[in-house]
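**Q** Here is what each chain is made of, one letter per residue.
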Amino acid sequence: MPRQVSHYLSSGNLARLGFQDTEVAAATLGELGSPSSPLVAILGRTADPDMALQTLARLHVAAPDPGALLSALEEDEGTAMRLLSVLGMSEALGDHLVRHPEQWHELQDPTLGSTRPPAFAVRAGLIRAVGGDPQDAEPTATVPYAEAADALRVEYRRVLLRLASRDLAHHVGMDDVAAELAELAAGTLDAALAVARAKVGPESATCRLAVIAMGKCGGHELNYVSDVDVIFVAEAVDAGDETAALRIATQLAATLIQVCGDHTREGTIWPVDANLRPEGKNGPLVRTLASHRGYYERWAKTWEFQALLKARPVAGDLELGQAYVDSIGPMVWEAAGREGFVEDVQSMRRRVLDHIPAHEAQRQLKLGAGGLRDVEFAVQLLQMVHGRTDETVRASTTLSALADLTSGGYIGREDGRTMHEAYSFLRTFEHRIQLYQLRRTHVVPEDADSLRRLGRSLGHLKYPESDLEKDWRHHRREARRLHEKLFYRPLLAAVARIPGDEARLTTAAAQERLAALGYVDPVAALRHLEALTSGLSRTASIQKALLPALLSWFADAPDPDAGLFGFRRISDALGSTPWYLTMLRDEGETAQRLAQVLATSRFATDLLEREPEGVKILGGEGALRPASREAVQAEMMANVSRRDTAEEAVRSIRAIRRRELLRISAADLCVPFGVAEVGYALTDLTDATLEAALAIATTSVERERKRDLPTRMAIIAMGRYGGYEMGYGSDADVMFVHDPHEGADPQVASSMAVAVANEVRRLLAQPGTDPALEVDADLRPEGKQGAMVRTLDAYAAYYAKWSAVWEAQALLRAEPVVGDPGLKQRFAELIDPLRYPEGGLSHHDLVEIRRIKARVEDERMPRGADPATHFKLGRGGLADVEWTIQVLQLQHAGAVPGLRTTKTLEALDAAVAHDLLSDDDAETLCEAWVLASRARNATVLVRGKPSDQLPTDPRERAAVARVLGYEPGETTEMVNDYQRATRRAHAVVDRVFWQD
Amino acid sequence: MGKQEDFVLRALEERDVRFVRLWFTDVLGYLKSVAIAPAELEGAFTEGIGFDGSAIQGFARVSESDMLAHPDPSTFQILPWRGDGPATARMFCDITMPDGSASYADPRYVLKRTLQSAAEKGFTFYTHPEIEFYLFKGQPEAGTIPVPVDQSGYFDHTSQSHGSDFRREAITMLEAMGISVEFSHHEGGPGQQEIDLRYADALSTADNIMTFRTVVREVALGQGVWASFMPKPFTEHPGSGMHTHVSLFEGDRNAFFEGGAEYQLSKTGRHFIAGILHHAAEITAVTNQWVNSYKRLIGGGEAPSYISWGHNNRSAMVRVPMYKPNKGQSTRVELRTIDAACNPYLAFAVVLAAGMKGLENEYELPREAEDDVWSLTDRERQALGLQQLPKTLYEAILVAEKSELLAETLGEHVYDFFLRNKRQEWEEYRGQVSAFERDRMLPVI
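Just so you know, the sequences run in chain order A and B. Taking the numbering used here, the leading residue of the first sequence gets 191, the next gets one more, and so forth. Taking the numbering used here, the leading residue of the second sequence gets 202, the next gets one more, and so forth.
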């Protein structure tokens, strides 16, 4: 026998044609009487030849006229293509055919390839299926309920089958497929209503009920399987009893929902979702027109108006439905003028992006950035912004609206085209995924078989999986950049002539859009755009390409206007510098960081403006990690050794410090970064700076006095510096100590040490382009009256004789950091017994500390400062928390070595570990302390100058909230959270420190 | 600009409105008003009207005083008491900061926030206040005892009585402003009146109470008498309270109702009451915010002073009214502590928050007080675990200062200001020498 098998049915040929399991295929083909070669080739071009063939075999068995089936396939290529392409794509429709084998004849209809089924005919067929009269204004089913539900399902699938064959075999455009699906849904709703009328009974004639489709069905762009969104409107007939009519209408609506959604022997059609109605789930299912109006006039939110864009009467009383659309529709176009529109839109967009389960994010077609929802949303937003004044952009279908917006100049032509392609591709892809099992899903499957089938269905017969992946990646990338393309790029067209774009955004429309995107001064913004894009230089053309992305990043930051202005100034300075242009051209993370920094932080922007080259720091992998103290110090020392004068040397180390400050602040703004880490980084940087400055000052004094320094020097960090808790605005609190060499003249040693200390302070504080570092030595013994530098022995003598408890307290934060290692060590040994007293605090000392604290609270608080939001001295603020833990340290560090630390948080942990503080209390104190420290840093970053008070300027306050991670519009919530955290901490301080 | 704003702007034209009063409420519950010309209203809708928040009790510090009032067009009403001629209209406002975030100092926002968090759990909060007040002859003068307009008592009807004229005019005016009145009568004290507003969602009710107080005082002035909501103007006569019926709805279903349960009161209802009782002492400083409020709560009559609940028990702090068959939708509980001199936004917010805490933590409802709480002996009350409400403003402040619930609900700003202000009131009061002391001591010592 094998010899007689035709060559085209050999394993090799079947495999070449696309069959996977060639043995089974050959056997099945044999059972079917070895179809002709062309027919097998058609099978081979289907999405899944094996599935197509197996289902065909099942259909062959089930069909009442198996012979006719096979001969029709052999004789009419059209029939073969239609039937087999469906069988090769959709398991669910294949099963349906096997259950209703007579329906294969449907696909013999030659008009399927050329003619779109008229909506009225589809509707008539569906209504007849349940025994209604399509001519009747209010058709009523005559078939009993359960049978009617089944009949409706069978008829629905019959039409769906025809539609799927048009889609798969005749390559009808995605927009047409979606529109036909919407019409099928509309007819189905009407037929379901006829069934509902029969069930509710004659009373149903007392009310007029209209079904308004919303969402994709309303927009003529339905999926194969999705919820059908509707709203119900009802009135009494002839001004009858409204309450009774609404009751009947509600029964009708509820029954309609059941008819469509119930699972019967014939499965289900789709769920009807009425949750877009006023008040959502909690609102009544059916309302009168007046009640709908009343709701939209009073209560509706921006997203509800956006949903109305798609409203379309589809079933029931069409006249009433039209009245609804006429009455409510115009409100859509006023929504964009509503207060809070911009904020609403932003938060809606965030919702689009938020709700994706992480494991699906990569394979989601609908949600996420660049997902279908995002595209639809962006188009609708543009419609709402511009449709107010331009009626030509009010179409309810996404692709039509996109085309209208493009021809109106609101979107660039090229961008409009790529968005159209991307959207069509993603939707078609989604359709094919859903067709397989007629399941509502928007996730791209991961298994090889599915991907192969999908790839082949989209025409990639040769390398289905890899070509599909490539296409998908391409379109997804285009769609991801849709905000640039749709929102921002046209803005450039408004100021700069972009060749090829005939229609362009008018200046007024551009300003409207900038305002809707959050720019406070659209006029100035347009002026900057013009300056940045004018001319034919390379810079201008690169900036033209980059600006759409930048504008969108600015718009997501607290101060878009400042971002754009800052960018303009940096660009003016760096202009045509090659590396800058390269950086911009690559558009990568660096540019995004630059945008974020410029539109958020005056502090960092100031640093950048002093030296635009600093932009480099933002680039590169790992560039935003603070450098180690050793690395910075080595670089500073190397620089110092190359300079001749102290001034030059200190300039070079201050430049390095400026660069590192920029690095730390940019890292703080761009990557997740703890407040403790900021403290460490700033402290390390200060250490390195002081070490280098000490070296410079020593050389300078030695040179001036023409002799070597006859003493060892060290610098002791105090306060927040000593605690590794510096903020951006912190001075360096220090004490200087020296220790003359054996046999040195104490007078000379002392005078030279003082000179060195003063030189350190002078050099770091002198005015210059780079930020100064104030070195503050006021915490030294006797304060401002005391000697700037003392010998170690003098410190010992002073502390032995005079020391007050507040000095012991200050020493808790003393950390020898710079200078002679041996001296640092001996200084620590000297002060340890003072700050960690063996017997703890005497009652007298405790009272004294409390008294001082009470005085400080009263005196140090600046006039007019708000105690509720003062970071340092406010109630529950930094000082409150620090004094509390410091008292515990003074009392117990003698016995508990864990408490011997200069760091607040470490001390809190140790206190908990040794039962000196409850877990909850420590948690509360820690929370307030961290928040106050973060808020203080954020304030300096935003304002560019040190401050101990939450900014009172509303815009600055909002920016601080953003830096702290709050969303726009949550500023007062941030203040409330701050006050709550500090109030709770204050209560703990009352208990633990004041022992109230 | 939405339809509603359009409607308002049209109405201004059609009704020849010359002034629009923008109303809002300070932290202590005083009504504030700023008048603008109709031409400015459009701007007020889109951008708000700027004002100096530091000039308003409890709103802001001088340094952050720029605030914006945004009129809520759904509250637009023509003021009926300005006679014929050009009309004046009013709207309630929401207060925001210049960056658009809502002001935490705005009592209306306190209530809105609390309503919102209940809405997130699927509930809407309805209230129905019974507002009592006194009518006096003439105007109040420092140091003199006011004279009531009549000597009638509870439900008394006397022909041509001042009170009934007054109530008729006041009710006509309230109805003209869209505020439905359910019931009105002469109360127990001489010159004392009661008018009950229809139940509505708590935000509307609070707005209505603010309007009500204004209308009542306007009408009184028009009739040459003086109206006051002072909680206890006389030692010997009953005080003026604002018994408030409250209920929760889930969609259009009354969540307090459960057919067949005891008193037809659902689990939700029981937890809600338990919440109010559990937090009763903490929230008293808000529901009864004046030194004088506590003189009403001293006992006897209609005002409670113990934390208790009962079915139709008028001595209990929370009363579950008699269930009327087939009226499941009207199942509600009556809170009898609140007085009419409260800030209704804050009072409703804290009551709702306390009730919702009860739901959230499923507090057990304590034993019902079946007897007249007043007639029990101290020992009996102790045995029954009946706690006393704070006896003075000072006691109330002390409890409030420890209340996380109060801070959460009011927001830190209002919480802080309110308690500071109340402490100050108490300090000022503490130093006062009263007629009582003089009457007792001067003759004998």
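Simulated from the structure, these hints should not be mistaken for laboratory data. Here the structure is a predicted model, which means the values were calculated and not measured. Accuracy of the hints is not assured; some may be wrong.
[To be verified] Cut-off 25 Å, straight-line C-alpha distance, at most; resulting in silico cross-link-like pairs (BS3-like, lysine-lysine):
hint, chain 1, residue 1, chain 2, residue 2
1, B, Lys592, A, Lys471
2, B, Lys204, A, Lys491
3, B, Lys603, A, Lys471
4, A, Lys491, B, Lys468
5, A, Lys1043, B, Lys603
6, A, Lys471, B, Lys528
7, A, Lys471, B, Lys496
[Unchecked claim] Pairwise CB distance ranges (calculated):
hint, chain 1, residue 1, chain 2, residue 2, range
8, A, Gln448, B, Arg515, 45 to 51 Å
9, B, Arg515, A, Asp1143, 34 to 40 Å
10, B, Glu383, A, Asp1143, 56 to 62 Å
11, B, His512, A, Val1037, 39 to 45 Å
12, A, Arg759, B, Arg216, 26 to 32 Å
Where is the CB? At the ideal position from N, CA and C, for every residue including glycine.
**Q** Hints first: check each against the structure and report whether it holds.
**A** Now for the hints, and whether the structure bears them out:
no. : hint                             : in the structure
1   : B:Lys592 / A:Lys471              : 46 Å, violated
2   : B:Lys204 / A:Lys491              : 13 Å, holds
3   : B:Lys603 / A:Lys471              : 39 Å, violated
4   : A:Lys491 / B:Lys468              : 33 Å, violated
5   : A:Lys1043 / B:Lys603             : 24 Å, holds
6   : A:Lys471 / B:Lys528              : 24 Å, holds
7   : A:Lys471 / B:Lys496              : 47 Å, violated
8   : A:Gln448 / B:Arg515: 45 to 51 Å  : 49 Å, holds
9   : B:Arg515 / A:Asp1143: 34 to 40 Å : 55 Å, violated
10  : B:Glu383 / A:Asp1143: 56 to 62 Å : 49 Å, violated
11  : B:His512 / A:Val1037: 39 to 45 Å : 57 Å, violated
12  : A:Arg759 / B:Arg216: 26 to 32 Å  : 54 Å, violated
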